[in-house]
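Residue numbers (the working numbering), protein chains in the order written: chain A, 1 to 111; chain B, 112 to 228.
Please note that a few of the clues may not be correct.
To be verified - Straight line, CA to CA, 20 Å or less: simulated DMTMM-like cross-link-like pairs of lysine to aspartate or glutamate:
1. LYS122(B) to ASP135(B)
2. LYS17(A) to ASP66(A)
3. LYS41(A) to GLU15(A)
4. LYS56(A) to GLU216(B)
5. LYS41(A) to GLU216(B)
6. LYS126(B) to ASP174(B)
7. LYS3(A) to ASP66(A)
8. LYS17(A) to ASP82(A)
9. LYS3(A) to GLU155(B)
10. LYS41(A) to ASP167(B)
11. LYS56(A) to ASP66(A)
12. LYS56(A) to ASP30(A)
13. LYS128(B) to ASP174(B)
14. LYS128(B) to GLU183(B)
15. LYS68(A) to GLU44(A)
16. LYS128(B) to GLU179(B)
17. LYS168(B) to GLU183(B)
18. LYS3(A) to ASP30(A)
19. LYS41(A) to ASP135(B)
20. LYS168(B) to GLU1(A)
21. LYS3(A) to ASP167(B)
It should be emphasised that the hints constitute simulated quantities derived from the structure, not laboratory data.
Chain residues, written in single-letter form:
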Amino acid sequence: ELKVEQNPLFLSMQEGKNYTIYCNYSTTSDRLYWYRQDPGKSLESLFVLLSNGAVKQEGRLMASLDTKARLSTLHITAAVHDLSATYFCAVHTGTASKLTFGTGTRLQVTL
Amino acid sequence: GAGVSQSPSNKVTEKGKDVELRCDPISGHTALYWYRQRLGQGLEFLIYFQGNSAPDKSGLPSDRFSAERTGESVSTLTIQRTQQEDSAVYLCASSFVRYRTGPYEQYFGPGTRLTVT
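Just chain B, same shape as in the assembly:
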């Protein structure tokens, strides 16, 4: 079946512009996650959505970052007034969450490589 998809695959933007990144999770997956990966580094958690619950925004680095999700489908990550330090690969993942037993393994999309010039 179809995996997690993300668009665009690459985005080059000028400092100060806003960008929107999109994630389509695997159908039926209730949980959706956004991570950031800077060059040569590990993954940094940004935000988590689970069904209709309030999202866990504890990883968002500043108020320039926001994300939305419509039900259990598409999510968009928005970065306002981009800075050069925002340059990274932004990875989206989804998983099937069963109540009280926590998230199962996360399936990752191919990522969006963001370059801020």
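If we strip away everything but chain A, and leave its shape as in the complex, we get:
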């Protein structure tokens, strides 16, 4: 059974600081997704990572994928309050039709 673990589960950080969220998964995967969820809202797609070594950046967020280590990271640079949300990684496996989601990382950016 595919397991997806994120850490930390909760992250409180000051504006202007950098931090990384980690996503580990237990079986081979051909693609990995990062989503953002604001309180009471649905999920917004951030990144789709399709191959080993893939790196994507959007604003202050950068995601990377290491398929050999079964690890993806979401790096936050110079955090701002607007980034406060819950971030989920989700893993797709080649023979499965669904995504398996991590437990989520609740990010709180304080002034």
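Since chain A is already given, all that's left is putting chain B on it; use the hints.
Using the frame of chain A, we list chain B on its own:
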């Protein structure tokens, strides 16, 4: 263009009643998914539809849960004899699936918040 829509946005029901939740996927998206999200938790896969193929029902938690989809359009998720543990947000997503290359990113609807009293 229009995104994934779901109705109702909120549903309060008494324990033991049946409920129906509706999802309208993005036009042209062949795949449709239902997930459940309990308060403060991640998403739990329920069921997946792809074109005219048999649905993947492997995530349905009990036989009280069922879902239908008409072609590549609307889907309904039905929960019979609701229990308090069914209280959650039910999210629908759709994606464009190209044969042999697997599903692309899923686009989520706003969800239906179900409360069973």
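Hint numbers contradicted by this structure: Checked against the structure, the hints that fail are numbers 2, 3, 10, 14, 15, while the rest are satisfied.
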